[in-house]
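The listed protein sequences correspond, in order, to chains A and B.
Quick note: the first sequence uses this note's numbering, first residue 1, plus one each step.
Quick note: the second sequence uses this note's numbering, first residue 1, plus one each step.
These are computed hints drawn from the structure, not numbers from a lab.
One or more of the hints may lead you astray.
To be verified - One side only, chain B facing chain A, incomplete, derived with CB under 10 angstroms:
| # | residue |
| --- | --- |
| 1 | Y33 |
| 2 | Y35 |
| 3 | G40 |
| 4 | N102 |
| 5 | L105 |
| 6 | F106 |
| 7 | G110 |
Computed from a prediction, not measured in an experiment: that's the story for all the values here.
Don't be surprised by glycine CBs; every beta carbon is placed ideally from N, CA and C.
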Amino acid sequence: DAKTTQPNSMESNEEEPVHLPCNHSTISGTDYIHWYRQLPSQGPEYVIHGLTSNVNNRMASLAIAEDRKSSTLILHRATLRDAAVYYCILRDLRRETSGSRLTFGEGTQLTVNP
Amino acid sequence: GAGVSQSPSNKVTEKGKDVELRCDPISGHTALYWYRQRLGQGLEFLIYFQGNSAPDKSGLPSDRFSAERTGESVSTLTIQRTQQEDSAVYLCASSKRTHRTNEKLFFGSGTQLSVL
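Throw the hints in and build the complete structure from the sequences for me.
The following block contains the structure:
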């Protein structure tokens, strides 16, 4: 399975943009890029996903490199509530079973300073 | 509407005892997952149910672990003869269906299991 690499931790200031990087140099053409985040003492929650084009939703934006070997999750204005562990995950829907489950790595711990 | 509900939220048990953890998925969700998360680590996949298909048990760490699901409703994760290394948060997630789709997973808040 293709693997993702994320920094262990990042810091940001409140109301500033945050760019969370993810490297996936062995990504296959059918891997979707998913992002989830986990707030303290909670289960993970979905943030965004994409395949090739950049994606925007109410929570964040996902910028995907042209060669798809890296992507960046963008929080446009960080709030204290955005402090969480952010997971970048690849999902290959061709696979009968392994494509159905999500494989979580260690993620990036984001600290937001007031 | 209600989200994924897990019970109990906390469970303390003695080494060697059996425990049962319960998950109530979101109504109408056919896919259900169990994950384990040790302190300070990422999530570890345990088992996946999709409708009436045979479950994917490839993540269960030993034969002490088992899980059942009745139809598309409640699931129970059972750990027999608990060991201290079983201490972790056990997370359940559900989704509408995930076979070859990008349906998002919805997670419960987990059961914190402590084995003394």
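Each hint tested on the structure:
Taking 10 angstroms as the C-beta contact cut-off toward chain A, the hint placing Y33(B) at the interface holds, the least distance being around 6 angstroms. Using the Cβ-Cβ criterion of 10 angstroms, the hint placing Y35(B) at the interface with chain A is satisfied: the shortest such distance is roughly 8 angstroms. Given the 10 angstroms rule on beta carbons, the hint for G40(B) holds: about 9 angstroms separates it from the nearest Cβ of chain A. About 6 angstroms separates the beta-carbon of N102(B) from the nearest beta-carbon of chain A, less than 10 angstroms, and the hint is met.
Using the Cβ-Cβ criterion of 10 angstroms, the hint placing L105(B) at the interface with chain A is satisfied: the shortest such distance is roughly 6 angstroms. Interface restraint check: F106(B) against chain A, minimum CB-CB distance 8 angstroms, threshold 10 angstroms, status holds. For G110(B), the suggested interface contact is upheld, since its CB lies about 6 angstroms from the closest CB of chain A, less than 10 angstroms.
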